[in-house]
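Protein chains: 2
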Amino acid sequence: MSEENKIGTYQFVAEPFHVDFNGRLTMGVLGNHLLNCAGFHASDRGFGIATLNEDNYTWVLSRLAIELDEMPYQYEDFSVQTWVENVYRLFTDRNFAIIDKDGKKIGYARSVWAMINLNTRKPADLLTLHGGSIVDYVCDEPCPIEKPSRIKVTSDQPMATLTAKYSDIDINGHVNSIRYIEHILDLFPIELYKTKRIRRFEMAYVAESYFGDELSFFCDEVNANEFHVEVKKNGSEVVCRSKVIFE
Amino acid sequence: MSEENKIGTYQFVAEPFHVDFNGRLTMGVLGNHLLNCAGFHASDRGFGIATLNEDNYTWVLSRLAIELDEMPYQYEDFSVQTWVENVYRLFTDRNFAIIDKDGKKIGYARSVWAMINLNTRKPADLLTLHGGSIVDYVCDEPCPIEKPSRIKVTSDQPMATLTAKYSDIDINGHVNSIRYIEHILDLFPIELYKTKRIRRFEMAYVAESYFGDELSFFCDEVNANEFHVEVKKNGSEVVCRSKVIFE
Chain E
1 MSEENKIGTY
11 QFVAEPFHVD
21 FNGRLTMGVL
31 GNHLLNCAGF
41 HASDRGFGIA
51 TLNEDNYTWV
61 LSRLAIELDE
71 MPYQYEDFSV
81 QTWVENVYRL
91 FTDRNFAIID
101 KDGKKIGYAR
111 SVWAMINLNT
121 RKPADLLTLH
131 GGSIVDYVCD
141 EPCPIEKPSR
151 IKVTSDQPMA
161 TLTAKYSDID
171 INGHVNSIRY
181 IEHILDLFPI
191 ELYKTKRIRR
201 FEMAYVAESY
211 FGDELSFFCD
221 EVNANEFHVE
231 VKKNGSEVVC
241 RSKVIFE
Chain B
1 MSEENKIGTY
11 QFVAEPFHVD
21 FNGRLTMGVL
31 GNHLLNCAGF
41 HASDRGFGIA
51 TLNEDNYTWV
61 LSRLAIELDE
71 MPYQYEDFSV
81 QTWVENVYRL
91 FTDRNFAIID
101 KDGKKIGYAR
111 SVWAMINLNT
121 RKPADLLTLH
131 GGSIVDYVCD
141 EPCPIEKPSR
151 IKVTSDQPMA
161 TLTAKYSDID
171 INGHVNSIRY
181 IEHILDLFPI
191 ELYKTKRIRR
201 FEMAYVAESY
211 FGDELSFFCD
221 EVNANEFHVE
231 VKKNGSEVVC
241 RSKVIFE
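Chains as they are written, first to last, in full-length UniProt numbering: chain E, 1 to 247; chain B, 1 to 247.
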């Protein structure tokens, strides 16, 4: 198979309600676009959610790391490329490039996915999925950003607490992956966004939360530019962790 | 000018993070799409925000009313048509049709816009805008839903209170029009959304709110299916009002 067919390319424009007060695309919206691209790319190649669901399997996002030199500005066109870097038995690595209106690569992202059986909620073997055909799409396109790292949070005083509401919930009844990003970025004071921008953003999705769950946000300020955040539901169970690096 | 050129048509798909737990497109996302279509339609015809901004004018959304028989389901294609119904000296009425994957009209929307001078914040005369050319686009396409109505709220006990955060704020430094919709729909219990759907949704935008403003939500339950909501900032000034009708 040619390398070109292994890479999917998708066009976007930075819509007005998708940019922040600086006029730059928000990290939540970019994350949404990346996950949509993952879906388009997988569906077009026969291993998308619709196909998997027929066999009672689905994709579960485990890790996401995004690193950018700049974010598209309001009304600017940009595109996202995505490809599969590795397929292991229980995980697959999918990478992304974010390309600005002039064709310049302004950022990259890495994601890690598992496949689970919808009945048992147990992980499934990716190497046997559709006769192992996903392996045919593995591509050695470079992705020059670090892999998602381990995130440890020590703070035991929540910085904020909220209850998961209607708008947070997706078709599976879970708080959706993008809403966590928005809630985490809402922890920081506006002054930080006035003088700095997010260079790298990481999410580790650990467990699901549901409508009515109380989500508490614990934050370690590692240094003036780096924050580690842990989200717990109902005071105990970890839901996700995040690393936010400004510059 | 032909009636066809007066109507703009735009294609969408109901993305996974844009649907609620029922798998239906959320009202906030639909509102976002409608406002984008308004922008595309106006820009393509020479009276969009970019052109206006050069002359120090901008569009301000005053009213929005959406009424639907059903919402697009996850992954379904749908389209939005928009056209100008009336142009007055200080306001213009722009209407919309929402069309499902099979070409059936499943809903309509009405919006009312003013134009303001960015320096004085005073309303501008639409009939003299670009030599009055906006009037050439007035179109008599039917829009068989009621006009936005007057909304009165009597409750003086807030149902919820929140502080406007980073993710709420748009490029103008205001809480964005779509976020109000989401916050208002988050007032209702999940049980309501399990058994009923929103048939009609209205917004009246009265004043701007800003980062850090405390937004209080006052709600009159007019009957089991109809709710009138008023949003005030910092305990006093009305920011917007809404009418939510379930069925």
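In short, the hints are calculated from the structure, not lab data. Any given hint might turn out to be false.
As the list makes no split between identical chains, a pair holds if one copy fits it or if it spans any two.
What the hints assert, rightly or not - Straight-line alpha carbon distances no greater than 20 Å define the calculated EDC-like cross-link-like pairs of lysine to aspartate or glutamate that follow:
# : residue 1 : residue 2
1 : K194      : E54
2 : K165      : E214
3 : K194      : D170
4 : K122      : E76
5 : K147      : D100
6 : K122      : E15
7 : K196      : E247
Hint-by-hint comparison with the structure:
1. K194 / E54: neither (47 Å within a copy, 25 Å between copies)
2. K165 / E214: Intra 10 Å, inter 19 Å, cutoff 20 Å: intra and inter.
3. K194 / D170: Result: close only across copies, 13 Å inter versus 31 Å intra.
4. K122 / E76: neither (42 Å within a copy, 29 Å between copies)
5. K147 / D100: neither (23 Å within a copy, 42 Å between copies)
6. K122 / E15: neither (38 Å within a copy, 26 Å between copies)
7. K196 / E247: within (5 Å within a copy, 47 Å between copies)
In summary, the numbered hints that this structure violates are 1, 4, 5, 6.
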